[in-house]
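Novice: Spelled out from the first residue to the last, the chains are:
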Amino acid sequence: MSDTMQETSAVLEARKAYNETLRIKADQTRATWFPITLMILLMALPLLQFTGNYNYMLHMVLLTASYVAMASSWNILGGFAGYISLGHNVFFCIGGYFAGMLVARYGWSGIALAPLAGLVAALFGYAIGLITLRVRGPSFIISSIALVMIARLLFDHWKFVGGANGVTLPPTELSVQWAKLPYYYAMLFIAAFTVWCSYKIKHSKFGLGLRAISKDEIKAEAAGIDTRFYKVTAFALSAFFVGMTGAVWGEYLTYIRPSIFLVILIAAYMVLMCILGGKGTIAGPVIGAILLTAFNEFFVATMGASELNILGTGVIMAVCLMFFPHGIVGTLARKGKLPKILNWD
Amino acid sequence: MLEVKNLCKYFGGIRAVDDCSFKVDKGSITALIGPNGAGKTTAFNCISRTAQPTSGEVWLDGQRIDQLRPNKITMMGLSRTFQISRNLSEMTVLENMIVQAKVEGFRGLFRPAISPEERDKAMEILDFLGITRIAYEDGSNLSYGQKKLMDFGALLMSDPKIILLDEPAGGVNMSLLEEIMTHIRRLNERGLTVLIVEHNMDLVMRLSHRVVVMAQGTVICEGSPEVVRNDPAVLEAYLGMPEDAA
Chain A
0 MSDTMQETSA
10 VLEARKAYNE
20 TLRIKADQTR
30 ATWFPITLMI
40 LLMALPLLQF
50 TGNYNYMLHM
60 VLLTASYVAM
70 ASSWNILGGF
80 AGYISLGHNV
90 FFCIGGYFAG
100 MLVARYGWSG
110 IALAPLAGLV
120 AALFGYAIGL
130 ITLRVRGPSF
140 IISSIALVMI
150 ARLLFDHWKF
160 VGGANGVTLP
170 PTELSVQWAK
180 LPYYYAMLFI
190 AAFTVWCSYK
200 IKHSKFGLGL
210 RAISKDEIKA
220 EAAGIDTRFY
230 KVTAFALSAF
240 FVGMTGAVWG
250 EYLTYIRPSI
260 FLVILIAAYM
270 VLMCILGGKG
280 TIAGPVIGAI
290 LLTAFNEFFV
300 ATMGASELNI
310 LGTGVIMAVC
320 LMFFPHGIVG
330 TLARKGKLPK
340 ILNWD
Chain B
0 MLEVKNLCKY
10 FGGIRAVDDC
20 SFKVDKGSIT
30 ALIGPNGAGK
40 TTAFNCISRT
50 AQPTSGEVWL
60 DGQRIDQLRP
70 NKITMMGLSR
80 TFQISRNLSE
90 MTVLENMIVQ
100 AKVEGFRGLF
110 RPAISPEERD
120 KAMEILDFLG
130 ITRIAYEDGS
140 NLSYGQKKLM
150 DFGALLMSDP
160 KIILLDEPAG
170 GVNMSLLEEI
180 MTHIRRLNER
190 GLTVLIVEHN
200 MDLVMRLSHR
210 VVVMAQGTVI
220 CEGSPEVVRN
230 DPAVLEAYLG
240 MPEDAA
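One line per chain: the protein sequences are A and B, in this order.
Numbering of the first sequence is given in numbering that gives the first Met the number 0, commencing with residue 0 and proceeding in unit increments.
Numbering of the second sequence is given in numbering that gives the first Met the number 0, commencing with residue 0 and proceeding in unit increments.
This is chain B alone, in the form it adopts within the complex (with noise of 0.2 Å):
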């Protein structure tokens, strides 16, 4: 569904993202994994376009999506969260949540921000999450956990196909991180195709059906959970190099 091919990212002399290639199955919960540094977020930028990639080829569905611009590969089903959860300040949850929708075409740029049926659909997702109660919060105005659930529930409204979550995880307590888990797992039995960057191992290892192991920017072992916990140079990646081979 999604394929990253050979994708490079320098920064002037840093190599962030070096011949980096791998693939997300459709309908599987992929998650992108390494040590801090590896280029995990900055490939994820390339992918969604929101940092412009050095060279190298992003495809989805068949499609070249590379040379897009955000906004367009958004209305093309690949939606994204930010590691920080970027909400819009001095807007409702509703409102956040309504941005993220569908405008089709000029005039649907002059019709009512927000519709009946986005309105319900906005408010049938934050009941998803089980939110609802602070629908009309002001963005900015939430616990770190609401924002990042809220973030999720904005990504569902403009329909995707694929989403890619930057440490759904990130900062926030056991119940909650359960609660996340629950949330992906339902949405991936519908059928949505997941991409994850995230630390806790215990989440990726328990959620996804691929992992695809970052290190220096480059991709040093895929595969399912099992195999990546035991291949060596994904314990060298994380640990460094064994003693006696030192």
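With the rest of the complex left out, here is chain A (with noise of 0.2 Å):
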């Protein structure tokens, strides 16, 4: 008798143990002080400018924080709502070419037009999703890079915009110095409110839907989800910060040419740096698109700007995931280990 009340005593305190992991597993504190000074410190970078030339370290800040929004922008639909688009490039040609041509046509400022442009891909965005969003899986990739292909040839004929020659946008008048920091700074921007914008919707009704959805899309609708508002929503958005960060990206460069925007590799940067850093987590595209521009910057400076250094950037990318199937983020979010300041979710 007493050796049973044991037992029932030693399987009670087992169960208030492992609902001592599940409220740990649970916890919604955040170390939000660590993006915060991040984000102070990459402000303050910039006054390195006054001791010598840091264009280069600003450009490739610039460049990963492009490519951070970017990344998490997709998220919103590829990791949420489980729909892989292999044609975001698409909304980042529109936004650039939507604020190239008034850049080039009226002198407007790129920047200042960026919510504008990013508002012209949403709009894009919505109504190709309502086409596109019907199937998933491989037939919703497919219609993806079909969009890819479509937009490519269109914009490589289309006379208006300079076809496959592009335009080209007036330089900035800054000197060499300073040249950058309008644009590091659009661009820094940008990609924090997309992190944050991708937090709001992770934990927004929105995001629960988005997050059923990807799980279940029967059951999600049996649930009362409108999923194809949700889903064409999820699109829109997500193209809308593609959008801007093309817009920015474009006069940064000084040209616009189809051959920037619409090729496959930029689409799959997305993808690939979401799926290494996690997709699904607010944190995953952020270290994935630091990783990744850290890993080609540095094949490209070890191997040459041939196609060795890709082959040198997949191989990485391979062995990270063998050894974090779900992402960096994901899979130490799973198994418990995930370093509090990389908990963004």
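Hints in this document: simulated from the structure, not taken from any laboratory.
Computed from a predicted model, the values in this text were never measured in an experiment.
A hint or two may mislead.
Claimed, not checked - Where chain B lies over chain A, by a calculated footprint (3+ residues, C-beta under 8 Å): (1) 192-203; (2) 211-218; (3) 222-232.
Unchecked claim - Facing chain A, from chain B, some residues (calculated, C-beta under 8 Å): (4) N70; (5) T73; (6) I130; (7) R132; (8) S157.
Just so it is clear, CB atoms sit at the ideal spot from N, CA and C, and this is done for glycine as well.
Using the hints, build the complex out of the two chains.
Specialist: Below, the structure written as structure tokens:
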């Protein structure tokens, strides 16, 4: 009799301990100081320009920030809703061209136009989403690749926007030392804004619905979620941020051309960054973007800008995914080993 | 309350549901029974619009619902569970429940996912079902019975007027079966209309006020459990033709 009593209490004890682990897992406290400090440091980085020329460093941060924005944006559709799009660079292109044409013809500022460019991209996203989001899985991926091909054909032959040669934009009048700064801050702001929005979205009703859709669309629909509307809105939102990035990126490069925006590599980068960092998490795309840009740069520096550097990056990616099958942030979170500073979810 | 008129669902040449008509009265527990392949689940899917009916009409409270999308139907107060429970993995039981709560308007989309009221309501339902301790468990990390209970709880989150239960007792043990029956009965006493598809005859006969028997896609008999139990057509459908008639 006393034996069974002991056993019962042991079971209760184990149960208690288990509930405790669940509680820790559901811990909602955040180390918000970390992203804020990071942001302040990056904002202060251009001060280095007073002591010498750090344009390369600024360019790298700017490039990374653009990828952070794009990957986080892709994550809204691909990570939360589970619709893998390989055609998101089309919205990058739409944003870039919309702002770029206004810059080239009317001399407006691409940075100021960025929100508007985002809206235009979102409108296109909404319309395209209405058509392509009717299918899911491989069919959706293929339809998104088709979108890139259609857009490429269109922009290559559209005389009004310069066809395959594209359009040259007026360069900035700032000195070399300070020329990157407006774009640097704009891109940094867009990246931070995108990450913040993706956090807000994940924790909203909308985000909960998207996560339900990614797990089981039929169940989500039976649960009362307007799946079609949710998906299309997610598509439009994720096009919005990519469009904004495109607007700033085009003006930063001072030329827009289909071969900058409409190459499958850019779309693939968004996907790879999210998968590397952990899709469906907030910090994942950020970590993925930073790592992938770093790998790329490292292999370009050591192997030269040939095909070989892509191979190097690919091998590193494959090895990473062997150890982190759900992405770095995703896998660590599952194992309960995610450092608190990276728990942005 | 719920009326199905001449519902048909064909898969190519197979007539899964063929000219099926029945009614569910307000405040009743109605059971839909029939041998395997009779078209019960398909009829269910057509009512909740998980599947699109080939023809026929479905009316809920005087409104035709067979043209609506499933989420609209749920919002109108008809919630369903699935035969094989479809719970959402990588989401806690609490989230699984709250996903079913109503969202009002466009602004409602961007408010926090779990409001304190929703959390309280979900916890109250979990308490009613006696499973509060699994609230923070992953939705896929449950036993079969717990999944059934969670499904059951989740559909209460949307404040339904009528619930459609697809085999609520399928694959659960006897004690849980009794528990589920008690829950259904208690909810029914609070005024909830229930339509059940079930194979467990014991449950059906004890629980339901009316029984609708389907065979080969159509309704062959309906009435109180006693009437149905003694109906020759039902016995024939379940047991085959009597020897002397063959």
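Novice: Now look at each hint and say whether the structure bears it out.
Specialist: Hints and how they fare:
1. Closer than 8 Å: that is the beta-carbon criterion, and the stretch 192-203 of chain A has 4 residues meeting it against chain B, so the requirement of 3 holds.
2. Here's how the stretch 211-218 of chain A fares: 5 of its residues keep a CB closer than 8 Å to some CB of chain B, so the rule of at least three is met and the hint holds.
3. Look at the stretch 222-232 of chain A against chain B: 7 of its residues bring a Cβ nearer than 8 Å to a Cβ of that chain, three or more, so the hint holds.
4. A distance limit of 8 Å between C-beta atoms decides the matter here; for N70/B the minimum to chain A is near 5 Å, and the interface restraint holds.
5. Given the 8 Å rule on beta carbons, the hint for T73/B holds: about 4 Å separates it from the nearest Cβ of chain A.
6. Annotation: interface hint on I130/B violated; nearest CB of chain A at approximately 13 Å, more than 8 Å.
7. The beta carbon of R132/B is positioned within 8 Å of a beta carbon in chain A (closest approach about 7 Å), and the interface hint is therefore held.
8. Look at S157/B: its Cβ gets to within about 5 Å of chain A, closer than 8 Å, so that hint holds up.
The structure does not agree with numbered hint 6 stated previously, though it agrees with all others.
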